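Number of protein chains: 2
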Amino acid sequence: MIQSGDDLPQIILDSLDEAGITLEDGDILVLAQKIVSKSEGRLVNLAKIVPSPRACELAEKIQKDSRLVELILQESREVLRTRVGTIIVEHRLGFVCANAGIDHSNVAGDGTLQEEWVLLLPEDPDASANRIREQLETVSGCRLGVMIIDSHGRAWRNGVVGTAIGLSGLPGLVDLRGEGDLFGYTLRITMIAAADELAAAASLVMGQAAEGTPVVHVRGFPYHLREAKLQELLRPREQDLFR
Amino acid sequence: MIQSGDDLPQIILDSLDEAGITLEDGDILVLAQKIVSKSEGRLVNLAKIVPSPRACELAEKIQKDSRLVELILQESREVLRTRVGTIIVEHRLGFVCANAGIDHSNVAGDGTLQEEWVLLLPEDPDASANRIREQLETVSGCRLGVMIIDSHGRAWRNGVVGTAIGLSGLPGLVDLRGEGDLFGYTLRITMIAAADELAAAASLVMGQAAEGTPVVHVRGFPYHLREAKLQELLRPREQDLFR
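Heads up: the protein sequence lines correspond to chains A and B, in order. Going letter by letter, the first sequence gives residues 7 to 249 in the numbering used here. Going letter by letter, the second sequence gives residues 7 to 249 in the numbering used here.
Just so you know, these hints were derived from the structure itself, not from any lab. None of these values were measured; they are calculated from a predicted model. Please note that the accuracy of each hint is not assured.
Identical copies carry no separate label here, and so any pair may be met within one copy or between two of them.
Unchecked claim - Result set (SDA-like, lysine to any residue): computed pairs, CA atoms no more than 20 Å apart in a straight line:
(1) K70 x Q245
(2) K70 x R89
(3) K70 x T196
(4) K70 x L247
Okay, chain A solo, but in the shape it has when bound:
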């Protein structure tokens, strides 16, 4: 039940304390986007949004609230595809997702009709992860990783999976080139999206509905921690065969 302005790192530290967990070097905290966005005051009252003509036109075409479409367009660099109810965009943060990651679910306004409020993604999730990590590291004295995740749809496959949208202190990609395999071959697979694998794992633990487990504590991440940005997980559009 995070509110705008809440001290999220302190809340996480208190929760770890309650759970009897002492942070150690190499631990990673995975945070649901929602709690980060809420703490950063990213709730928007739809009633105050005036849709542009472009938003109105698209909204009619896909049968969606024109004010919500306006926000989706504001949060995006480009519309890639549309279908009824859904706009697949390149988000201003660089990743491809549905409806710019804007969320009705689990969002409470300040007494106003709740359906009128929506939650935008954090302004800069890498920076959010950095900030949170810094505070957690200062208090714990440990070298940590922090990741912010959301649930994203995929091309080709049904259903959503937990996906990284912001990183601090852990690799997005792990490069296996030069490692060789059991028989000393050249590896077919050379780059593992380790952060996305961890995001999916954490998402399983979080659940999606009413369970309310928005922070997952990870110990034993099998790859070397290092500084990284989400960018390394994003395929440059000129190399993307599926845009």
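For this one, chain A is given, so just place chain B on it according to the hints.
Same frame as chain A, now just chain B:
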């Protein structure tokens, strides 16, 4: 070091025994595609493949071994995209992947030059998972899930992630519609690709290079186990905006 004809379920049972693990109802075993394919004798000697004219033409275009291209085409329903070294296909099993999942890595032939051998995916991974599960359930007396995974690239994002290619006894998708969230809203996210989230989690534990951890034992999967096929994870092509 699995060989064709090996009794994979028995090897898994022996390994669990050695590790001091007793299977319980609800446990899931996640298997790397490689060991399943090897046990099923899916190694192919490239030296015995005669490429078709179509394979030769494509091989020249993308600078790839024409015999390997021939196998990729044989294992695929359709070529979706090509670039140097890579053919993105709809596999005959229905999913989209690079090079039909055919693998040079970690493959040993029978004394022949190893580079000449490649490993195809299992003939029918759902059926393989069923078979393995049946034997594990008979011996253990427990209700289990079995999943076979491979590492797949994605549209839009760099790096590969562990992905389900065969299922038995666990859901591919989990439908959250009607669950409601903390505030009783309609959920934005309604279908979770739970099997793929678990595949990614298991892949993290397996690693990709020389570690050799091809089976992951999962306890505490948070969703209800049920009968399912991989099919439910595959988006029908007419609903896929990114083909």
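Which of the numbered hints are not met once you compare them with the structure shown? Going through the list in order, the structure violates no hint and respects every one.
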